[in-house]
Structures are given as C-alpha cells and as structure tokens.
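Could you build all of it, start to finish, from the sequences and the hints given here?
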Amino acid sequence: DSGVTQTPKHLITATGQRVTLRCSPRSGDLSVYWYQQSLDQGLQFLIQYYNGEERAKGNILERFSAQQFPDLHSELNLSSLELGDSALYFCASSVGSSATQETQYFGPGTRLLVL
Amino acid sequence: KNEVEQSPQNLTAQEGEFITINCSYSVGISALHWLQQHPGGGIVSLFMLSSGKKKHGRLIATINIQEKHSSLHITASHPRDSAVYICAVRSNTGNQFYFGTGTSLTVIP
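Those protein sequences? They're chains A and B, same order as listed. Numbering-wise (the numbering used here), the first sequence opens with residue 7 and increments by one. Numbering-wise (the numbering used here), the second sequence opens with residue 593 and increments by one.
Incorrect hints may have been included.
Computed footprint of chain A on chain B, listed as stretches where at least three residues anywhere in the stretch have a Cβ under 8 Å from a Cβ of chain A [as the list claims (entries may be wrong)]:
#1 630-641
#2 678-687
Listed next, with one range per pair, are the computed distances between beta-carbon atoms [as the list claims (entries may be wrong)]:
#3 A:Gln-73 with B:Ser-616: 32 to 38 Å
#4 B:His-670 with A:His-79: 32 to 38 Å
#5 B:Glu-609 with A:Thr-19: 41 to 47 Å
Bear in mind the hints are in silico, worked out from the structure with no lab data behind them. Predicted, not measured: the structure shown is a model, and the values here were computed from it. Note that beta-carbon positions come from the ideal geometry of N, C-alpha and C, so glycine has one too.
Okay, structure coming up:
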C-alpha cells in the first residue's frame with residue numbers, strides 16, 4: 007500500500023459526459039502528479055501540482071483540467087469524453103518538487119471506460 | 593520521435609539469471625526513474641537517479657549522464673520479478689516527464 011488513494015476504482019460512462027477523478031496523496035507529500043495510461047499510447051504525463059500551484063504541464067487536453075485543494079487532495083476533471091479517453095488514470099505523490107525529492111508513490115489507478 | 597527508448601521490449605529468463613534492461617534518452621534530464629508495473633496494473637517506483645548507481649536488494653540501477661543511458665539490473669532473478677519495467681525521465685526544461693514503452697519481463701521457474 008503506497009498510501010496514495012484514488013477514487014473511484016472503476017468508472018463507466020458515455021461519450022460527451024463529464025467525470026471527476028479524485029486523489030489523496032500520502033501524508034506529508036506536497037506534490038501530486040496525474041498520468042494517463044492507454045493501450046496505444048502507454049504512460050503519459052498530464053500535470054503536476056505542488057502545494058496547490060500548477061508546477062508542470064504535460065500532454066493534458068484542453069477538455070481536461072485539474073486542481074489541488076488546500077488539504078492537498080487533487081481532482082482531475084475530464085469533460086466532453088470521447089472513446090479514446092478510455093484509459094487507466096494514475097495519481098502519484100512525492101514529498102517535494104525538486105529532482106531529489108521526487109520519488110513518486112503511485113495510487114492504484116482509476117480505470118475509465120467511455121462507451 | 594521517442595524521447596525515451598527501452599530495450600528489449602520483451603524478455604524471458606530462467607529463474608536465477610542475471611537480467612539487464614536498457615534505457616536511452618535524448619533530452620537533458622534532472623532525474624531518471626525506473627518503475628515496475630505488475631500484471632494487476634499497480635505501479636511502484638524502484639529507483640530515482642540523477643547520477644551514478646543505486647542498489648536495493650537484488651536490483652541495481654546505473655546511469656551515465658554523458659551517454660544519456662541507464663541500465664536496470666536484476667541479480668538472481670525470481671518469478672516474482674515478472675512485471676513490466678518502465679524507464680521515465682524528467683526533463684530539465686519544462687519539467688516534462690517522458691516514458692519508455694516498457695520491458696515486459698517473464699521469469700520462468
């Protein structure tokens with residue numbers, strides 16, 4: 007158990023809908039990262055937050071947004087869902103944001119299926 | 593264009609064998625990560641390296657910054673090592689993460 011929790015574990019929804027994925031980092035970790043893993047594209051970095059502020063942005067679509075709240079939990083919002091958004095979404099956390107503090111602890115993932 | 597290349601893609605070994613997985617990258621980095629993903633999907637961070645060598649149990653990771661290359665070694669491999677091993681780098685411009693496509697390892701008893 008990494009100490010990172012993600013809800014829900016599974017989500018089935020329809021095209022055009024909007025969903026929210028939630029992540030609670032390990033106690034004491036200030037950074038939260040979001041990743042997407044699909045069969046055809048592998049793991050992709052979406053976005054990182056550090057202590058409530060956006061720290062780095064990857065291949066995150068405009069239809070997707072994220073935020074980190076004062077209690078450090080984070081939410082990833084996916085809207086106008088398309089079939090291609092079906093994937094495993096992982097959240098990870100680390101103590102800090104510098105290279106030496108970035109050993110990441112991964113949550114179990116949320117499996118999203120868009121029908 | 594892949595910023596991170598791993599080899600081999602697939603690897604089958606007999607229990608007890610010494611295993612090496614290679615990772616080459618093309619961007620300047622602040623850190624390199626080796627991840628392990630089990631068949632159930634969970635991901636575990638094995639190492640984070642910015643220079644030199646790290647060892648944890650039977651696993652050893654090395655990095656050569658000048659050659660932009662890293663290796664993950666598993667000594668005395670065991671069936672429980674069967675997993676996908678993923679190399680990832682954190683670029684030193686823009687703080688992007690780039691991932692290799694993974695090496696699928698099967699260790700046969």
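Checked hints:
1. Coverage of the region 630-641 of chain B by chain A holds [criterion: at least 3 residues with CB-CB distance below 8 Å; count 6].
2. Residues of the region 678-687 of chain B with a Cβ under 8 Å from some Cβ of chain A number 5, which satisfies the need for three, so the listed coverage holds.
3. Range check, A:Gln-73 to B:Ser-616: Cβ separation about 36 Å, and the 32 to 38 Å hint holds.
4. Look at B:His-670 against A:His-79: about 37 Å separates their beta carbons, and that is inside 32 to 38 Å.
5. At about 45 Å, the CB distance of B:Glu-609 to A:Thr-19 agrees with the hint of 41 to 47 Å.
The structure is consistent with each of the numbered hints, conforming to all of them.
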